[in-house]
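Since the structure of chain U is provided, determine the placement of chains X, D and Z on it from the hints.
Residue numbers (our numbering), protein chains in the order written: chain U, 3 to 279; chain X, 3 to 279; chain D, 3 to 279; chain Z, 3 to 279.
Mixed in with the good hints, there may be bad ones.
Identical copies carry no separate label here, and so any pair may be met within one copy or between two of them.
List of simulated lysine to aspartate or glutamate pairs, DMTMM-like, C-alpha gap at most 20 Å [what the hints assert, rightly or not]: (1) 84 x 21; (2) 180 x 51; (3) 28 x 75.
Don't read these hints as lab results, they were simulated from the structure. All figures in this text were calculated on a predicted structure; none of them were measured in a lab.
As a plain string of letters, each chain reads:
4 protein chains.
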Amino acid sequence: MESQNKHTWKTKLHEIIYEADTPAGKLFDVILLIVIIASIVLVMLESVDSIDKNYHNILISSEWIITILFSLEYIARVITVKKPIKYITSFYGIIDLLSTIPMYLSFFFVSSGSFVAFRALRLLRVFRILKLTRYIGASTQFVRALKTSRAKIAVFLSFVIILCIILGTVMYLVESEKGSGFTSIPRSVYWAIVTLTTVGYGDIAPATPLGQFIASIIMIMGYGIIAVPTGIVSSEMTKANRDNVPTNTQSCLNCLASNHRDDSQFCHKCGHELHHD
Amino acid sequence: MESQNKHTWKTKLHEIIYEADTPAGKLFDVILLIVIIASIVLVMLESVDSIDKNYHNILISSEWIITILFSLEYIARVITVKKPIKYITSFYGIIDLLSTIPMYLSFFFVSSGSFVAFRALRLLRVFRILKLTRYIGASTQFVRALKTSRAKIAVFLSFVIILCIILGTVMYLVESEKGSGFTSIPRSVYWAIVTLTTVGYGDIAPATPLGQFIASIIMIMGYGIIAVPTGIVSSEMTKANRDNVPTNTQSCLNCLASNHRDDSQFCHKCGHELHHD
Amino acid sequence: MESQNKHTWKTKLHEIIYEADTPAGKLFDVILLIVIIASIVLVMLESVDSIDKNYHNILISSEWIITILFSLEYIARVITVKKPIKYITSFYGIIDLLSTIPMYLSFFFVSSGSFVAFRALRLLRVFRILKLTRYIGASTQFVRALKTSRAKIAVFLSFVIILCIILGTVMYLVESEKGSGFTSIPRSVYWAIVTLTTVGYGDIAPATPLGQFIASIIMIMGYGIIAVPTGIVSSEMTKANRDNVPTNTQSCLNCLASNHRDDSQFCHKCGHELHHD
Amino acid sequence: MESQNKHTWKTKLHEIIYEADTPAGKLFDVILLIVIIASIVLVMLESVDSIDKNYHNILISSEWIITILFSLEYIARVITVKKPIKYITSFYGIIDLLSTIPMYLSFFFVSSGSFVAFRALRLLRVFRILKLTRYIGASTQFVRALKTSRAKIAVFLSFVIILCIILGTVMYLVESEKGSGFTSIPRSVYWAIVTLTTVGYGDIAPATPLGQFIASIIMIMGYGIIAVPTGIVSSEMTKANRDNVPTNTQSCLNCLASNHRDDSQFCHKCGHELHHD
Numbered sequence: 003m004e005s006q007n008k009h010t011w012k013t014k015l016h017e018i019i020y021e022a023d024t025p026a027g028k029l030f031d032v033i034l035l036i037v038i039i040a041s042i043v044l045v046m047l048e049s050v051d052s053i054d055k056n057y058h059n060i061l062i063s064s065e066w067i068i069t070i071l072f073s074l075e076y077i078a079r080v081i082t083v084k085k086p087i088k089y090i091t092s093f094y095g096i097i098d099l100l101s102t103i104p105m106y107l108s109f110f111f112v113s114s115g116s117f118v119a120f121r122a123l124r125l126l127r128v129f130r131i132l133k134l135t136r137y138i139g140a141s142t143q144f145v146r147a148l149k150t151s152r153a154k155i156a157v158f159l160s161f162v163i164i165l166c167i168i169l170g171t172v173m174y175l176v177e178s179e180k181g182s183g184f185t186s187i188p189r190s191v192y193w194a195i196v197t198l199t200t201v202g203y204g205d206i207a208p209a210t211p212l213g214q215f216i217a218s219i220i221m222i223m224g225y226g227i228i229a230v231p232t233g234i235v236s237s238e239m240t241k242a243n244r245d246n247v248p249t250n251t252q253s254c255l256n257c258l259a260s261n262h263r264d265d266s267q268f269c270h271k272c273g274h275e276l277h278h279d
Numbered sequence: 003m004e005s006q007n008k009h010t011w012k013t014k015l016h017e018i019i020y021e022a023d024t025p026a027g028k029l030f031d032v033i034l035l036i037v038i039i040a041s042i043v044l045v046m047l048e049s050v051d052s053i054d055k056n057y058h059n060i061l062i063s064s065e066w067i068i069t070i071l072f073s074l075e076y077i078a079r080v081i082t083v084k085k086p087i088k089y090i091t092s093f094y095g096i097i098d099l100l101s102t103i104p105m106y107l108s109f110f111f112v113s114s115g116s117f118v119a120f121r122a123l124r125l126l127r128v129f130r131i132l133k134l135t136r137y138i139g140a141s142t143q144f145v146r147a148l149k150t151s152r153a154k155i156a157v158f159l160s161f162v163i164i165l166c167i168i169l170g171t172v173m174y175l176v177e178s179e180k181g182s183g184f185t186s187i188p189r190s191v192y193w194a195i196v197t198l199t200t201v202g203y204g205d206i207a208p209a210t211p212l213g214q215f216i217a218s219i220i221m222i223m224g225y226g227i228i229a230v231p232t233g234i235v236s237s238e239m240t241k242a243n244r245d246n247v248p249t250n251t252q253s254c255l256n257c258l259a260s261n262h263r264d265d266s267q268f269c270h271k272c273g274h275e276l277h278h279d
Numbered sequence: 003m004e005s006q007n008k009h010t011w012k013t014k015l016h017e018i019i020y021e022a023d024t025p026a027g028k029l030f031d032v033i034l035l036i037v038i039i040a041s042i043v044l045v046m047l048e049s050v051d052s053i054d055k056n057y058h059n060i061l062i063s064s065e066w067i068i069t070i071l072f073s074l075e076y077i078a079r080v081i082t083v084k085k086p087i088k089y090i091t092s093f094y095g096i097i098d099l100l101s102t103i104p105m106y107l108s109f110f111f112v113s114s115g116s117f118v119a120f121r122a123l124r125l126l127r128v129f130r131i132l133k134l135t136r137y138i139g140a141s142t143q144f145v146r147a148l149k150t151s152r153a154k155i156a157v158f159l160s161f162v163i164i165l166c167i168i169l170g171t172v173m174y175l176v177e178s179e180k181g182s183g184f185t186s187i188p189r190s191v192y193w194a195i196v197t198l199t200t201v202g203y204g205d206i207a208p209a210t211p212l213g214q215f216i217a218s219i220i221m222i223m224g225y226g227i228i229a230v231p232t233g234i235v236s237s238e239m240t241k242a243n244r245d246n247v248p249t250n251t252q253s254c255l256n257c258l259a260s261n262h263r264d265d266s267q268f269c270h271k272c273g274h275e276l277h278h279d
Numbered sequence: 003m004e005s006q007n008k009h010t011w012k013t014k015l016h017e018i019i020y021e022a023d024t025p026a027g028k029l030f031d032v033i034l035l036i037v038i039i040a041s042i043v044l045v046m047l048e049s050v051d052s053i054d055k056n057y058h059n060i061l062i063s064s065e066w067i068i069t070i071l072f073s074l075e076y077i078a079r080v081i082t083v084k085k086p087i088k089y090i091t092s093f094y095g096i097i098d099l100l101s102t103i104p105m106y107l108s109f110f111f112v113s114s115g116s117f118v119a120f121r122a123l124r125l126l127r128v129f130r131i132l133k134l135t136r137y138i139g140a141s142t143q144f145v146r147a148l149k150t151s152r153a154k155i156a157v158f159l160s161f162v163i164i165l166c167i168i169l170g171t172v173m174y175l176v177e178s179e180k181g182s183g184f185t186s187i188p189r190s191v192y193w194a195i196v197t198l199t200t201v202g203y204g205d206i207a208p209a210t211p212l213g214q215f216i217a218s219i220i221m222i223m224g225y226g227i228i229a230v231p232t233g234i235v236s237s238e239m240t241k242a243n244r245d246n247v248p249t250n251t252q253s254c255l256n257c258l259a260s261n262h263r264d265d266s267q268f269c270h271k272c273g274h275e276l277h278h279d
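Just chain U, with the same shape it has in the complex:
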């Protein structure tokens, strides 16, 4: 009877933590989202010297509170899930663990400058936000569109990289001895990427007329090339949208006309009744 009771308690907690169709489950997700965002803001603020000096104690205290909250959540997840090993070894399980460890380790070791990389592990929690977005319907279509055009975008990006290598080398040959920043091929390729993607920092810029002429061609190419990934995704999404239009594959028994609206009860061609399943 006690086991039964415990089981019920565990089931309820599981429902709250892992599902989102009860008010408690939704509330849990919203609170989790807020705590994650708060923890990310905290890590970011800690890295700002002026803030860290003035509010060091407040930041550390808040950090401990959040770390304990995440630890409790981690324990709750391990207890309530049916296959704890599977959760612990899963992507999100590892992230949940990794994001709590740095704080506990800082308890034993004195924090040093190079320790910051390790502390940044806490930022991995940001991936949890991605997981929470599964409840937003729009993201499904978004992810599907990305998946469908994945292969084409990969080909496109390979093409862009090859183009940047060629153009970067040409610019290196033209500008390398003019002291305008094109000191090596990798640096020139970096510049070609900065230019073709229309980012344009300006830390490296061509100084010779020939270099500026080639740069102009690269820019205009970049301006035209950007149309390609956009065209790919647009046509993919238009296609996905069209496939969703509420017509069915049923054909009229009388005149064989097909492509009826999903809510049709009679054939739009001959007026004969349609048979639905």
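Relative to chain U, chains X, D and Z alone:
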């Protein structure tokens, strides 16, 4: 009889101010648009030191003329509208009031440097231009397209922000001790946003080869990712365009079902014959 | 008989100059295109000090040759056209005249520094290239797509300008006293446009954390907003493409099925013969 | 018999080198791809002074190994192909030869600074990657979409170039005497391209209010104009997607007409009944 006359006068003024289907109403809107743009240009010119020094009196006089014009318009709107309280507490009512107040207050208080923020309230009139665009048919479709893709664009932008936080942190870890401007995580995230959106100021730029390599990846990602919001809006607008084509506004004489396909000869709801013109 | 002969000669010249469906006419257009491009390159090279010093005489001689060629072309156009007044007062007639005058005037007046603006009139010939593109079929569809989406793009650009005025003013209030370049509202609006359009010069860049935060929002907005004009043009062109699909409006006499392929001789629904005009 | 054996051996090698439908052929292509990428990375690293100083011998040794591998591949291709002359004079044959020669020449001549341009010939191998992408299906559609919109994109880019020449000249007239970098028309046209394509280096930026006003207009134009190539490619790809859907590959038994609509029951050419599966 006088009340009757007054009522007619108020109705006419209401027609001129609030509607745009009479020549007088259209003229009023065009004049209003010109005065709003003039007032915005005035506020902008006042903030330029060299212009303000040389033409201070002309600017202040023009400002008073425009403020009085707007005050008269405000009073006219309050008088002619049927429910004055509703107008006064509405978004445009508050803007209309807020944009006249600063000038009157400057009459009582001596203008100081920090007063400029308050005076900038007059720029709120720019929202009035948005209101006037309701007469342009194209803006309706524009707003509808934005509304439809709102959810998807929000998801997309959240994804971009999360990506920028991750990439900014990585760059902070790589470049923070190289003195190239990546002094804190928020600053690095700011840089990641500047780069991913292809803005590329160049005030912060990676100095290490590894940093430039990661930056190149971010740029190429940004170049590919920009296709997604474009694809969303394109497919949404293509869909809106297509949905507008093949249905007509006819309703069935038998069951009143509407939204029939243009080539339907029989109602898709009850099978009754449709009469075409 | 001489008049007859002269008339034939004029008709032939007219055919060569104004039409492009004879080999001579095509050759004339190609030569004209090359001469125009040569003249543009000349004007551009003249403005480069180092080139102008070393090759001044060659540049001036070439310029005279081209000016005489254009003058001959102008005279030929005036003579051969049926209504000379209409051509002289037309857009291209004025351009043709304006682009030859500066050189003749330089014969009478000694060239001075401020004279350069006048000489730049010769660059107006660039518009002639636009006229020559009428022979390229692709440009027709291009211009039509631009015309169709003109109203929507105008509304969109007005929206962008209003947004930039608001955002520029906000940045002016935040950054004006930090010495980071936001010295006046017009300058801040200029910066907002540079940022929202993802150009990002870097001559003005926010220095305060709050300014950088607002700048980040502007950039992400700009990244999302760019989808709108693209969506408008894409859907407009997709629609134009769809309307072009080779189906006709004919309906079958037997079964009333419509939307037949343009090359159909028999109804695709019932096999009845279709009657073409 | 020996000739027979040799022939078999050559056929097998031919299959491995030129085809990709056997496991050995696929393996060959993957290894080739890796070696090409390694050789490109090598050339890029050699151009970095600090790396070249410390690891000069390792780089040169690796370069020799790769050059010998490519030479062996070149010889194998010449031996196994049926028409060696055709391969040697083909685009890829010339690239394969050119990319091995520089290393052998460096054996005879002492490497000098200006020799670097010649050594960069080895980077031509990057084109081989493009050839290997023929196995990826996505690239076919990608190339076809580019080909279809080629003419329109050319017209668009010509329009952009003409626009940049006009705008660059205007900026030259406005800014040339203000010492803000607009020293000649070609330089101003270069700046106009940098701005219109939203690259925005910031090495040249307008200093006068009028210049900044014109620059703002250019930027907003660039922001709106970028929609055009995108719209062209999007609609082209959407069309390609749509045209692929509703026709089938069946041909009429009576008149052999093909490309029927998927819902056709009778041939649209001769009215003969179509047999569906």
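Evaluated hints:
Within a single copy, residue 84 and residue 21 get their C-alpha atoms as close as 14 Å, which meets the 20 Å cut-off; across copies the closest is 51 Å, which misses it. Proximity of residue 180 to residue 51 under the C-alpha cut-off of 20 Å is restricted to the inter-copy arrangement: shortest distance 16 Å between copies versus 39 Å within a copy. Taking identical chains as interchangeable, the C-alpha atoms of residue 28 and residue 75 lie at most 20 Å apart only when both belong to the same chain, with a minimum of 15 Å there against 49 Å between chains.
The structure agrees with every numbered hint stated previously.
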